[in-house]
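Colleague: Input sequences plus hints: build the corresponding full structure.
Listed below, chain by chain, are the residues.
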Amino acid sequence: MRMDKLLVSILVLLAASAAVTFSGLIDRYQFARFVNHIERIGLRYLLKLRGLVRRFKSSGAFGRTRTGIAANAQSGPGTDSSSPVDIRILNCRVRLTKQKDQDRVVDVFNVDICGSIHTSITACQAALKVSVLDVTDEFPMAVQTQVRQGTGAGGPVLSPFYHKADLGKLPHQVTILSDWTSVAQLRLDKLLFPRRGGRTLQFDTSVLSAETGQELALARCRFVYENPDFGFMDLQENSERTKVLAVALAFAVSAADGDLHDWEIDLIKNWARDNILDSPEEASDQDIPRLDKALNKTIAFFRAGNRLDGCGICRELLGIAPIAQRYDILELCLYVARASGTVAAEELAILKDLATWLEVDPERFRVMMQKVLPIDMHQVKDIQTVLGITLDMDKEKVRRHLNKEYSKWNSRVTNSDPAIQGQADQMLRLIAEARSQYTSEQRVSPQDTKAPVR
Amino acid sequence: MTNIVGIDLGTTFSELAILNAIGKPEIIPNADGERLTPSAIFFDEENPDMVRVGIEAINSRYLNAQRSVRWIKRHMGDPRYHKTIDSKDWTAVELSALILKKLKQDCSVEHGEIRDVVISVPAHFDEVRRKATMDAGIAAGLNVIGIVNEPVAAALYYATTRKVSGRVMVYDLGGGTFDVTIMDVKGHQMDIVCSQGDHSLGGIDFDQKILEMLEKSYREKFNGELIASDEDRAKYEDESEDIKRTLSRRDVAKKMLYGPKGNMKVEITREMFEAAIGELMDRADILVEVALEEAGIDPSGIDKVLLVGGSTRIPLVQQRLEKLFGFPPETAVNVDECVALGAALHAGLTMVREKPDAVSAGIANGLKDINLTDVCNHSYGTICAPLDKETGRRVVENRIILKKNTPLPCEASQMFYTLTKGQSEVAVTVTQGEDKAVEYVNRIATHKFKLPADRPAQCPIKVTYSYDVNQRMHCKFEDLESGRILEVDLALGQDGKVSKQDVKEKDEEMAAVGKSKVQ
Chain A
1 MRMDKLLVSI LVLLAASAAV TFSGLIDRYQ FARFVNHIER IGLRYLLKLR GLVRRFKSSG
61 AFGRTRTGIA ANAQSGPGTD SSSPVDIRIL NCRVRLTKQK DQDRVVDVFN VDICGSIHTS
121 ITACQAALKV SVLDVTDEFP MAVQTQVRQG TGAGGPVLSP FYHKADLGKL PHQVTILSDW
181 TSVAQLRLDK LLFPRRGGRT LQFDTSVLSA ETGQELALAR CRFVYENPDF GFMDLQENSE
241 RTKVLAVALA FAVSAADGDL HDWEIDLIKN WARDNILDSP EEASDQDIPR LDKALNKTIA
301 FFRAGNRLDG CGICRELLGI APIAQRYDIL ELCLYVARAS GTVAAEELAI LKDLATWLEV
361 DPERFRVMMQ KVLPIDMHQV KDIQTVLGIT LDMDKEKVRR HLNKEYSKWN SRVTNSDPAI
421 QGQADQMLRL IAEARSQYTS EQRVSPQDTK APVR
Chain B
1 MTNIVGIDLG TTFSELAILN AIGKPEIIPN ADGERLTPSA IFFDEENPDM VRVGIEAINS
61 RYLNAQRSVR WIKRHMGDPR YHKTIDSKDW TAVELSALIL KKLKQDCSVE HGEIRDVVIS
121 VPAHFDEVRR KATMDAGIAA GLNVIGIVNE PVAAALYYAT TRKVSGRVMV YDLGGGTFDV
181 TIMDVKGHQM DIVCSQGDHS LGGIDFDQKI LEMLEKSYRE KFNGELIASD EDRAKYEDES
241 EDIKRTLSRR DVAKKMLYGP KGNMKVEITR EMFEAAIGEL MDRADILVEV ALEEAGIDPS
301 GIDKVLLVGG STRIPLVQQR LEKLFGFPPE TAVNVDECVA LGAALHAGLT MVREKPDAVS
361 AGIANGLKDI NLTDVCNHSY GTICAPLDKE TGRRVVENRI ILKKNTPLPC EASQMFYTLT
421 KGQSEVAVTV TQGEDKAVEY VNRIATHKFK LPADRPAQCP IKVTYSYDVN QRMHCKFEDL
481 ESGRILEVDL ALGQDGKVSK QDVKEKDEEM AAVGKSKVQ
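Chains as they are written, first to last, in our numbering: chain A, 1 to 454; chain B, 1 to 519.
Everything labelled a hint here was simulated from the structure, so no lab data went into it. Certain hints may be false.
Derived EDC-like pairs (lysine to aspartate or glutamate); straight-line CA-CA distance at most 16 Å [claimed, not checked]:
#, chain 1, residue 1, chain 2, residue 2
1, B, Lys515, B, Asp86
2, A, Lys169, A, Glu211
3, A, Lys371, B, Asp435
4, B, Lys462, B, Glu481
5, A, Lys371, B, Asp298
6, A, Lys190, A, Glu215
7, A, Lys397, B, Asp298
8, A, Lys129, A, Glu215
9, B, Lys261, B, Asp232
10, A, Lys408, B, Glu293
11, A, Lys408, B, Glu439
12, B, Lys515, B, Glu212
13, B, Lys436, A, Glu363
14, A, Lys404, B, Glu434
15, B, Lys216, B, Glu239
16, A, Lys397, B, Glu293
17, A, Lys352, A, Asp309
18, A, Lys164, A, Asp229
19, A, Lys371, B, Asp232
20, A, Lys408, B, Glu294
21, A, Lys404, B, Glu212
22, A, Lys381, A, Glu433
23, A, Lys408, A, Glu363
24, B, Lys235, B, Glu212
25, A, Lys404, B, Glu294
26, A, Lys408, B, Asp435
27, B, Lys448, B, Glu487
28, B, Lys462, B, Glu487
29, A, Lys408, B, Glu434
30, A, Lys404, B, Glu293
31, A, Lys404, B, Asp435
32, B, Lys323, B, Asp303
33, B, Lys163, B, Asp369
34, A, Lys404, B, Glu481
35, B, Lys389, A, Glu215
36, B, Lys209, B, Glu279
37, B, Lys450, B, Glu411
38, B, Lys517, B, Glu56
Modeller: Put into structure tokens, the structure is as follows:
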């Protein structure tokens, strides 16, 4: 399933890029609408949705329907918070309020109940359970909570959210709460909704026998909440989309010098297999060939001289990929540039552009570049980029900056790794060269030397 | 009473100084009557056990360059470096030991047994290179009681022989390395503020620039190469050095080039030379500025500039310094000797501190007013995995605990926390280097610190490093909840773990150096 999605998304991506490149051949607006249509309601979306639904069904994350309610339990109708109250049964409502937590204020769902609770015995020890179902879409999904933090394959781990609390002893066989009583405060920062935007949430508030777990009463109400953050399904989709876009950008870097080298292609393919397939070991017999087919089409696209709209892709990534993933993409691209052993000026230029478009910290990008692409790999020495000289620096700032760089590399020159020693030696020479270029009496200002020094 | 000796083991020349009866250092000439001994080695062809060190080795290079070695100091601590002679691979430690053996041997003739010595090293040498230097001394049969930074040694000598006061910059441009050190001097009280150094900037680099000019001139005239063999290269390296010396006294140096395609006369002017070494001098200027920035001062904050090392005779060096500071730098009577003389003083101070009974009253009295506060030459840290604020991910990084240029003795602590629930051990690493990125720092010791199991994450571990005046470092890792402690001692010349391989290598070094007859 994922292969279909990948194949389609790569093809869509290529088609979109082709439209940008050959804007004279196709009406750009119509084409964009077509791509948008496919992306939103077409094959890819349906496949994805079906897959996600299947995944969540199999994990038991779906909420129960009314048929799951015990026969002897009293239950209120699914109500909005504003529904009239029937005191003979249990009712619930939800309010969005704020709660103070040490030095900050957090949003909470305040769950209130009123009405009757029936038990077969007196002095029944009771417990409260609240679970939340997102019923906005065709397939309801349980609202999740994070049980373990982490990134990558190890986490985070999500689990359906529920709140449980002791209600104490119910004094009578029929306990009546005539007024709304607050029984639970659910912190929003602990809840993960499927998607961003307006969400219709169904709150199932049940009173249970603490001893037997038997459901004594169930009340259900709905609340419409405007979720400002990405939902877990959004994040999953974003993550998958991000990987596809990462592959596209990696190919763009590879093709920047006019040639896709075999080492670069191998590197990208391996990255795609490791990251796009759920698990390369568990991938089905069809998965890898299908992925390869999609990648080969992409390679053919670039080999035909086509180019991507890197800026547009990065703009999309800015909307869906957190900064950590954007660093991952940049790192992949740096390794692709390195794969052939030398870095062409065109590759360096696109890497710089990607760093800017992906809005990563320029200093951090420079550090990444120094690690992955040591100066001896650069076919053209772009002093400003390599040494971090920016256009706003005056002579004194350049001098101080270069002194700092010199001090840094001078301490690395005695490193036990010969490769780092060699790199440090070259950097020291480059800094001395830059110093005479930028800070001598007949100096050149950074603005005057935008072009790399060959 | 034992002889107290300081040795300047230089890239191009080495010297030995001894403290006289009243605690004044004196250079001891070698067997040839020379005060400076070229740091050059020649392995005799006829007598494989005979090793010639000094001027004879220099001269023999013209006849058989393959069997000669120079500039060994540049390779100290480099495990890849070796010189193969008669199927024996000589390491930089062994080769240096041969030079030290020659110095020791020549001095012993007049002064009796030479045992307790301090050897000088560039201030920027890391632990690996310092240890290698110490190993060379041990292999030469010396008891290395300390290692002193060359600019510190030079400043010691200056401060005890002439009136120096205020904030002083020691500019040490030697045969192969460059150091700049800033210190506060008040009478005989010397406090080091900071040091910077360049391991590959010195006289031989200037010689190389002249050699390139000679080769270029020859190529232009004859369309051929001047140098056809290692022996030719050895000869013209020395000719280049000679031209450099001449240009320190005159405006023009003239030489005859005898090449395979014909002979020619060349003239190298001081202007040409200065243009050729401009980039190298820029590197020296940068380091001066970096040192000033580290000290938190600008050039006007320096009261005196002291010159050390033969390469400071180059007029351009002095001109640049005068231009930067606004006053001329101060030159010792002999800039080549002050490091060895200062190293002898340092040896005396070390002996007074460590073995006072072995020091004569005259020497002890001569040294009694001298007080030196040295600093950590490098930063020392440990490897940890904090959360990156920007990405929210854990990153492995080097965290500095003891900062470079902290006055000795010093101690610093930092708190770290276990990462995972049930973590039963921590890999503790002692690092040396100024970087956060672990790839750029040297790991000088690694140990496993066992912890009690079944504990939650975030258990505090206090890490304390201390460094004493004898350059002994003590690292303490303390699990605050259980009270468990791991202590690692790192003395100079020892990295906290001695493997069988280390012992074997040391034995081999001792045997190879011991067996060789040095002349």
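Colleague: Now tell me if each hint is right for this structure.
Modeller: Hints versus structure:
Between the alpha carbons of Lys515/B and Asp86/B the distance comes to roughly 15 Å, so the proposed pair stays at or under 16 Å and holds. At roughly 11 Å between alpha-carbon atoms, Lys169/A and Glu211/A fall within 16 Å of each other, so this suggested pair holds. Restraint check for Lys371/A and Asp435/B: satisfied, since their Cα atoms lie roughly 13 Å apart, inside the 16 Å limit. Taking the CA atoms of Lys462/B and Glu481/B, the gap is about 10 Å. The hint holds against a cut of 16 Å.
For a cut-off of 16 Å, the pair hint linking Lys371/A to Asp298/B is broken: about 33 Å separates their Cα positions. A distance of roughly 25 Å separates the Cα atoms of Lys190/A and Glu215/A; the hinted pair therefore is violated under the 16 Å criterion. Straight-line distance between C-alpha atoms of Lys397/A and Asp298/B comes to about 15 Å, which keeps the hinted pair within the 16 Å bound. Our distance criterion of 16 Å between C-alpha atoms is met by Lys129/A and Glu215/A, whose separation comes to about 10 Å.
The hinted pair formed by Lys261/B and Asp232/B meets the criterion: a straight-line CA distance of about 14 Å does not exceed 16 Å. Distance check on the hinted pair: Lys408/A and Glu293/B sit about 13 Å apart at the alpha-carbon level, within 16 Å; holds. Proposed proximity of Lys408/A and Glu439/B is supported: the alpha carbons are some 13 Å apart, at most 16 Å. This hinted pair does not check out: Lys515/B and Glu212/B have alpha carbons roughly 39 Å apart, beyond 16 Å.
For the given pair, Lys436/B sits about 14 Å from Glu363/A by alpha-carbon distance, which is consistent with the 16 Å threshold. At most 16 Å may separate the alpha-carbon atoms for a hinted pair to count; Lys404/A and Glu434/B meet this at roughly 12 Å. Taking the CA atoms of Lys216/B and Glu239/B, the gap is about 15 Å. The hint holds against a cut of 16 Å. Taken as a hint, the Lys397/A and Glu293/B pair is honoured in the structure, with Cα atoms around 13 Å apart against an allowance of 16 Å.
Our distance criterion of 16 Å between C-alpha atoms is met by Lys352/A and Asp309/A, whose separation comes to about 15 Å. For the given pair, Lys164/A sits about 25 Å from Asp229/A by alpha-carbon distance, which is inconsistent with the 16 Å threshold. At roughly 41 Å between alpha-carbon atoms, Lys371/A and Asp232/B are farther apart than 16 Å, so this suggested pair is violated. A hinted pair counts as satisfied when its Cα atoms are at most 16 Å apart, and Lys408/A with Glu294/B qualifies at roughly 12 Å.
Our distance criterion of 16 Å between C-alpha atoms is broken by Lys404/A and Glu212/B, whose separation comes to about 31 Å. Simply put, Lys381/A and Glu433/A have alpha-carbon atoms about 11 Å apart, close enough for the 16 Å limit, and the pair holds. A distance of roughly 14 Å separates the Cα atoms of Lys408/A and Glu363/A; the hinted pair therefore holds under the 16 Å criterion. Distance restraint check for Lys235/B and Glu212/B: the Cα-Cα separation of roughly 14 Å lies within the 16 Å cut-off, and the hinted pair is therefore satisfied.
About 10 Å separates the Cα atoms of Lys404/A and Glu294/B, which keeps this hinted pair within 16 Å; it holds. Straight-line distance between C-alpha atoms of Lys408/A and Asp435/B comes to about 8 Å, which keeps the hinted pair within the 16 Å bound. For the hint linking Lys448/B to Glu487/B, the alpha-carbon distance of about 11 Å falls within 16 Å, and the restraint holds. Only pairs whose Cα atoms come within 16 Å are accepted, and Lys462/B paired with Glu487/B is accepted, the gap being roughly 12 Å.
Simply put, Lys408/A and Glu434/B have alpha-carbon atoms about 7 Å apart, close enough for the 16 Å limit, and the pair holds. Note on Lys404/A and Glu293/B: the hinted pairing holds, with a Cα-Cα distance of about 9 Å set against a maximum of 16 Å. Taking the CA atoms of Lys404/A and Asp435/B, the gap is about 12 Å. The hint holds against a cut of 16 Å. For a cut-off of 16 Å, the pair hint linking Lys323/B to Asp303/B stands: about 14 Å separates their Cα positions.
Pair hint Lys163/B plus Asp369/B holds up; C-alpha atoms about 14 Å apart against a cutoff of 16 Å. About 41 Å separates the Cα atoms of Lys404/A and Glu481/B, which puts this hinted pair outside 16 Å; it is violated. Restraint check for Lys389/B and Glu215/A: not satisfied, since their Cα atoms lie roughly 45 Å apart, outside the 16 Å limit. Among the hinted pairs, Lys209/B with Glu279/B is consistent with the structure: their alpha-carbon atoms are about 11 Å apart, no more than 16 Å.
Restraint check for Lys450/B and Glu411/B: not satisfied, since their Cα atoms lie roughly 24 Å apart, outside the 16 Å limit. At roughly 14 Å between alpha-carbon atoms, Lys517/B and Glu56/B fall within 16 Å of each other, so this suggested pair holds.
Comparing the model with each earlier hint shows violations of hints 5, 6, 12, 18, 19, 21, 34, 35, 37; every other hint is respected.
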